[in-house]
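Chemist: Take a look at the letters that make up each chain.
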Amino acid sequence: MLKDCLGQVRLTTPLVHNITNYVTVNDVANVILACGGSPIMSDEPEDVEGITAICGGLNINIGTLHQSSIEGMFRAGKKANELGHPVLLDPVGAGASALRTGTAKRLLEELKITAVRGNISEIKALVQGSGTTKGVDADVADAVTEETLEQAVAFVKQTARAFGCILAVTGAIDLVSDGKTCYVIRNGRPEMGRITGTGCQLSGMMTAYLVANPGNRLEAAAAAVCAMGLAGEIGWGRMQAGDGNSTYRNRIIDAIYNMTGEELERGASYEVR
Amino acid sequence: MLKDCLGQVRLTTPLVHNITNYVTVNDVANVILACGGSPIMSDEPEDVEGITAICGGLNINIGTLHQSSIEGMFRAGKKANELGHPVLLDPVGAGASALRTGTAKRLLEELKITAVRGNISEIKALVQGSGTTKGVDADVADAVTEETLEQAVAFVKQTARAFGCILAVTGAIDLVSDGKTCYVIRNGRPEMGRITGTGCQLSGMMTAYLVANPGNRLEAAAAAVCAMGLAGEIGWGRMQAGDGNSTYRNRIIDAIYNMTGEELERGASYEVR
Amino acid sequence: MLKDCLGQVRLTTPLVHNITNYVTVNDVANVILACGGSPIMSDEPEDVEGITAICGGLNINIGTLHQSSIEGMFRAGKKANELGHPVLLDPVGAGASALRTGTAKRLLEELKITAVRGNISEIKALVQGSGTTKGVDADVADAVTEETLEQAVAFVKQTARAFGCILAVTGAIDLVSDGKTCYVIRNGRPEMGRITGTGCQLSGMMTAYLVANPGNRLEAAAAAVCAMGLAGEIGWGRMQAGDGNSTYRNRIIDAIYNMTGEELERGASYEVR
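Residue numbers (my numbering), protein chains in the order written: chain A, 247 to 519; chain B, 247 to 519; chain C, 247 to 519.
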């Protein structure tokens with residue numbers, strides 16, 4: 247039950263170590279607090295192992311890479327692997343530059359990653375080695391639609407198997423798979439793409455869900471995706487004349503803050519294939 | 247027509263590479279999304295050339311310099327110059343420290359800059375080599391007022407010629423010139439100065455306008471200044487009892503998000519000298 | 247009188263140099279503007295001395311350390327000491343990693359610090375050399391309650407004497423002492439802990455208060471603590487159905503923006519021991 251996944255986060259207050267970009271870091275921290283977790287940020291190589299050791303999981307987001315933070319990602323990731331903590335990778339902008347694509351691939355190869363969350367263009371860039379990523383947004387040509395859904399589900403299952411982890415590809419339709427089963431999720435609003443960082447926020451929250459639900463991680467990842475999409479719907483319902491993307495950002499985080507397990511269970515729109 | 251400048255941004259979704267400070271970076275990303283563009287942030291020297299290559303323009307903001315981001319600015323700037331992309335420079339805090347003044351001057355000398363946007367104290371610091379900048383805010387003694395307007399227009403025209411680019415000096419009265427013509431703009435609210443980063447936001451949005459309007463960049467820069475000031479007026483009109491600068495920030499970005507070309511055309515308050 | 251402390255900030259617009267973490271930096275800037283000060287951020291070692299020299303005080307926050315920002319902290323701190331500027335230290339996450347604990351201790355030893363502001367677990371980690379800090383939040387076992395208050399007041403007085411500075415320990419009950427006198431403050435709301443960075447914001451604002459009130463710094467520090475807690479109460483009073491931690495963040499900063507000296511005087515809930 248999705249609601250149990252949410253409940254476990256609120257019950258256990260998972261501590262999440264984030265090595266994330268400086269663009270959306272504040273929203274990532276607030277959404278982790280909103281869902282019931284506790285965030286800590288640290289990317290300095292000399293600091294990350296100590297921080298990871300006191301946390302329950304690690305969220306690696308490559309949105310603004312630095313040479314030192316890349317080293318921090320590997321050191322933290324290795325420590326998290328040693329400790330058996332879940333590690334999530336958000337390959338922001340993979341396909342947009344060689345450094346991003348290459349770093350994301352190396353992280354996938356050298357670390358044991360629990361889950362990857364990205365848009366379809368980023369994931370294709372990781373699989374195919376080159377991509378058509380339009381900056382940090384997915385290319386329209388890649389979009390998962392009802393028409394391309396069957397193919398897309400097959401691609402996501404296959405890629406999850408190739409990566410050896412859970413794969414969450416988010417967009418108009420979200421797909422979350424462990425290689426065998428695939429959740430097809432239809433929550434969310436297109437206007438979420440007009441806010442910076444809803445993807446980063448989801449990655450942070452998903453890490454909290456993975457930490458809090460060690461026995462059913464696929465469902466936990468799917469629950470986080472449903473929660474984010476549902477928060478987008480609830481937040482949109484509270485928009486007033488004159489409100490725009492800045493207020494929408496606040497309302498989405500507010501909706502995560504107030505979301506109950508029952509609300510999630512009722513509002514989640516998904517099928518399992 | 248200003249409204250055509252805005253319309254071109256919404257039509258073409260210009261991708262803007264930002265090397266900007268970590269204080270206001272989230273607001274810069276959201277305002278670029280709000281106006282119809284698409285932002286990407288990257289300052290790592292090994293990453294910037296690849297990112298600039300897929301973008302349409304480059305926004306360089308020196309609000310929080312690091313040795314590595316300075317190198318990133320030059321590498322990205324040279325690549326943008328090669329590709330003929332517009333490059334905007336926001337010399338935040340020029341005059342406040344030798345590193346800031348010196349870096350801004352070197353960027354102006356070594357790169358082909360399309361537009362500079364700053365407050366009057368920052369621009370004077372660049373021209374005179376030393377300044378009376380009060381931190382990141384303009385010195386009251388430098389302020390452009392109705393009394394000093396004629397002189398200020400002459401100074402801005404002359405400086406635009408000396409820099410060889412468009413110069414936008416923003417404050418109570420905003421001046422935007424290419425060295426020949428000068429837009430004198432009277433939109434905005436004094437309370438905008440009580441929010442961090444309205445200048446940085448304008449620089450990000452102006453870069454999107456410059457990318458989307460290659461044939462009429464002076465007008466595009468002026469349109470961005472009018473849009474920001476008008477958003478300040480619209481946002482202020484929506485303030486309720488108890489609201490302060492944090493809510494005002496959200497309402498300004500919201501106003502950019504909702505602004506139509508007609509609204510901009512009607513609300514813009516400017517003369518050309 | 248607390249209201250005079252607030253009045254001095256609004257009257258003198260203290261310029262505050264912040265070397266702070268990238269998670270909450272935007273909120274720190276906006277809260278300093280809200281209370282009547284003017285923020286500038288700079289952590290690059292080559293830049294910090296120039297920036298500190300034009301400011302009135304320095305706020306050092308170790309929330310996201312980098313090797314270069316650590317060097318920046320020492321260089322800025324030494325310059326501020328030379329100039330007789332107040333220096334505040336916020337030891338975010340001391341106890342959570344060796345780098346944080348060690349850096350905070352070295353800063354305390356090598357710089358003349360005017361005030362330290364942290365949660366009880368961070369302060370215990372600095373005193374005892376090791377701590378039970380739960381990430382960036384205080385450990386429940388350490389909490390200052392009515393039951394443990396007498397002990398806690400004695401600990402804070404003793405530690406303030408040991409540090410040779412003002413010590414502000416914030417939590418459900420806030421304690422602010424110069425080693426002789428201790429303000430016991432009961433403003434605030436528990437929900438403030440569900441927003442990232444209310445502590446960082448307070449540290450930024452407290453630095454502005456210290457700069458503006460050189461003759462009565464203990465009272466100024468206490469006034470800043472009361473103002474933050476009261477803003478949490480006022481902001482909470484403005485929450486509507488569906489609002490959560492993101493909106494609450496905005497409302498707290500808004501309350502600081504609108505707070506009058508009379509409102510602070512009337513709303514402050516404290517005793518002196």
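Don't read these hints as lab results, they were simulated from the structure.
We put the CB at the ideal spot given by N, CA and C, even for glycine.
A hint or two may mislead.
[Said to hold, decoys possible] Here are some of the chain C residues that sit facing chain B, going by a computed Cβ distance under 10 Å: (1) Val271; (2) Glu356; (3) Leu357; (4) Tyr503.
Chemist: Are the hints correct? Go through all of them and say.
Modeler: These are the hints, each one checked on the structure:
| no. | hint | result |
| --- | --- | --- |
| 1 | Val271 | holds, 5 Å |
| 2 | Glu356 | violated, 23 Å |
| 3 | Leu357 | violated, 20 Å |
| 4 | Tyr503 | holds, 3 Å |
Violated hints, listed in ascending order, are 2 and 3; each of the other numbered hints is respected by the structure.
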